[in-house]
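Undergrad: Residues per chain, in single letters:
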Amino acid sequence: MAYSDKILEHYNNPRNVGSLDKGSKSVGTGLVGAPECGDVMKLQIEVAEDGTIRDAKFKTFGCGSAIASSSLATEWLKGKSVDEALAIKNTAIVEELNLPPIKIHCSVLAEDAIKAAIKDYMEKNNIAIPAELAAAGHH
Amino acid sequence: MAVKTPIYMDNHATTRTDPRVVEAMLPYFGDIFGNAASRNHSFGWAAEEAVENARAIIARAINADPKEIVFTSGATESNNLAIKGVAEMYAEKGNHIITCVTEHKAVIDPCKKLERMGFDVTWLPVLPSGRIDLEQLKAAITDKTILISIMHANNEIGVIQPVEEIGRIAEERGILFHTDATQTVGKIPVDVQKQNIHLLSFSGHKIYGPKGVGVLYVRRRKPRVRVTPLMDGGGHERGMRSGTLNVTGIVGLGKAVELCMEEMESETKRLSAMRDGLRKKLFDNIPEIFENGDPINKLPHSLNVSFTYVEGESLLMGIGDVAVSSGSACTSASLEPSYVLKSLGLGDELAHSSIRFGLGRFSTQEEVDYVAEKLIHVVKRLREMSPLWEMHNEGIDLTKVEWAHH
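From first to last, the protein sequence lines are chains A and B.
Basically this note's numbering = 1-based index in the first sequence + 12.
Basically this note's numbering = 1-based index in the second sequence + 362.
Just so you know, these hints were derived from the structure itself, not from any lab.
Quantities reported herein were computed from a predicted structural model and do not represent experimental measurements.
All the given hints hold, so there is nothing to weed out.
From the structure, some residues in chain A lie toward chain B, with a derived Cβ separation under 8 Å:
hint, residue
1, VAL29
2, GLU48
3, VAL52
4, LYS54
5, GLY74
A virtual CB, placed ideally from N, CA and C, is assigned to each residue, including glycine.
Isolated chain B (complex conformation) (with noise of 0.2 Å):
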């Protein structure tokens, strides 16, 4: 059977809203319009229960009381809210805040942002495999430290962070603990109680619900932890995010977060179980690649692999029908290449042959044969065109050869 065409793999970046959901969803754009906040009246009162129904099935996913979901945008939104939030609400007791450089955007800038207002933050680099180092963690703690924010599993290399170790640190010193868990809820077990996160952020977009919604969960007892609003309004969601609620988003990403949760058992043995065959048949097939990133504590449908020798816009180029990811400087508004694959310690030149494989729930097995088959075909055809290649082969130590730089 001929698999159709464009095929998508890139469900790291977003995921196709599930038709479940859509369906949940409608109602909500039809005669169920009323604003959550309307205490006055049935419209009112509709839209509020199906917004506390969202978030009792979201508190529940992730082991957290209900008063302690918050809505929000999207995980950029909470990612902001928890960091600013923080430094501001905590300032008096301190000015330190410790992350990680493989971080996304959305919590590295924030940081950048309070750097340049006078606080201190700590980059902690990563391993080889991707995770940090607790020991480096545990040594970078003062008493001025406010807030650690380690993400639950990274974007780019889908590896997967010691959260309950950094959350038991976290706890022993007094200080928050806040996890972007964008590539993780609804995908492996998250638990608030269990793995002692105070604030923690994820999207609906990422786990099959609609773009424009997220969560920052903010914990109640144990420590009552409190955030600055961003913005000032309405005072809704508990003074936390004012604005009126995206209603129709929310029921979508309880909806989303339902299913993920019934889903999840059956498809981590799904995902990991192609996962696993496309990185055989790949190194297999294809000689001198490098997966990147942790291979064991990595997200079931995650996998980044260097092609050596080949660049990684020409590669997606090859593979034209199917929607994967580069960390290549040319694929990036930029020009630079990743800084998550560069933070591992890879040299620039395998940053630009990397590939990402994001896997999801409408990824079949044809599809992930079809890719494989793709790639063995395209990173021959390019090695035959490689200078770099060439070199290697007559045993050339490209580590030594003199560049003309531009």
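One chain only, chain A, in its complex shape (with noise of 0.2 Å):
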């Protein structure tokens, strides 16, 4: 199977590799999947006061796929507000990058991470969940 350009070139060029202090306020953390499924993706989002999100971060364990869609998907959060970012679908990933049927869920992952981070940003300031984001994280 080959890789869609797109694919190639957020492995080759991973934006926004790195990590965030996760201990801090403003920080939003996500950790989804699992080793043995073969992926793992920690996405984190640094909230500015204003309520968008200036600065996001990943690392992940999986395929070029994986790798791409979690890139892809800090690139997208960078200035997006709290709301928007909830709004990103795993679908639009799918889209930009050409992914095959079989790694759509990639996809799915990156915006459960997406998700999980900011209902960890939300639970560490208190703000109130959404119900769609109530199980954010926990498959």
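Mind docking these for me? Both chains are given alone in their own frames, and the hints should help you get the complex.
TA: As structure tokens, this is what we get:
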């Protein structure tokens, strides 16, 4: 199976690899997936006082499509409000990266990682958690 | 000197047909096109002579009689013929078969089919080395056991099973012993007499011969083994495998075996030196990696390594112009990690992180050096990107983390 150019591009030049201070109140951390399933994503957001996502970082153990999905997710997150971030759907990632059907779960994982990071941020800051986020990070 | 890419290092999967083999085959696509079963004209005689010449070469290579060589379409067919053929032929004698969990699918699936048809199959586990425990084998034998099928060497981890001892146990108990020797014929010594082998499968394309041709060795004396054919037809190959003989393929297979036997000693030396060098270079330069399978009882051209905290498919992507295989689920159609690696007792995550290197006749030291350098670089880069590597370095025990399973 050949990879799309966009997947290769993200794999070769991943955006925003790294870690933010998970102890900080303004940082939300999502850790999704499991090593025995072959993919684990850690995605972090740093939210500014005005509620926009100032920074986003990721680290991913997984195939090239998983790395590309999380790299793309961090790129999209930066500058968005938390509400806008919650609206990011895995299908948009599939479309942008041309993920083949067998790799759709990578985009699902990236969406989960975004939601888990936002949920963590909300919990830290005593923000009421919307119902659709209640299960984020737990499958 | 720059190496030529892409580099092929997946010789367990298939091998390049040796140009000398191709040359030997060419006349049989031309003037010598006869049907080896045509007994009444020179076209048939010429084809028959070529087939019998190949048969004799192959028999000599495994210390068999030419009459014991049955040509097939490949090792999958040979395994099916051996297992289903014995099961049907000896059904009145017993209904129990012993095999092993690390066998190739071409052995596992015929055994599963027999299981569904009412046969009892014992699936022996393997030790962490990848070898079976001979005591467990002995304990599994019952008075209903008709067949033991254990591969000579494994296609994923290159681990060599103690076939001679298995053969002796089978012989003592009056049970037939089949071995899938697809990874070993032409690579390491195979001797059906010394190793007490009653049935043996292999194929042409793993030994620098053509695809679509293989052999089942069926012993004729002490004991005389009989198999029920899979296909009915013209009664070729002493009734065991009907169908017009693939003369070109058989000629190529004969030539391939001849070359392998001539070069086995020197190739074993050359390939094991390169393999050992690759292993050393990787282990000297990358922390926390593990070799899968017994490092001693291993094919000379074979190496399987788990690069912890890095996923196999992303590794393959990083070394893009190098052809190797991974036990990662992401590289398999089934999305399951390698059952062979899992059966060694490795966690799934180590199976996901594995790479199989298969050197071959056309591998060079420059290629090995290139692959090692590239891997050292890619593993480092991917670990910097790996949350598991980060957690490991923070002292977190990954087995104690509650993962969100999908």
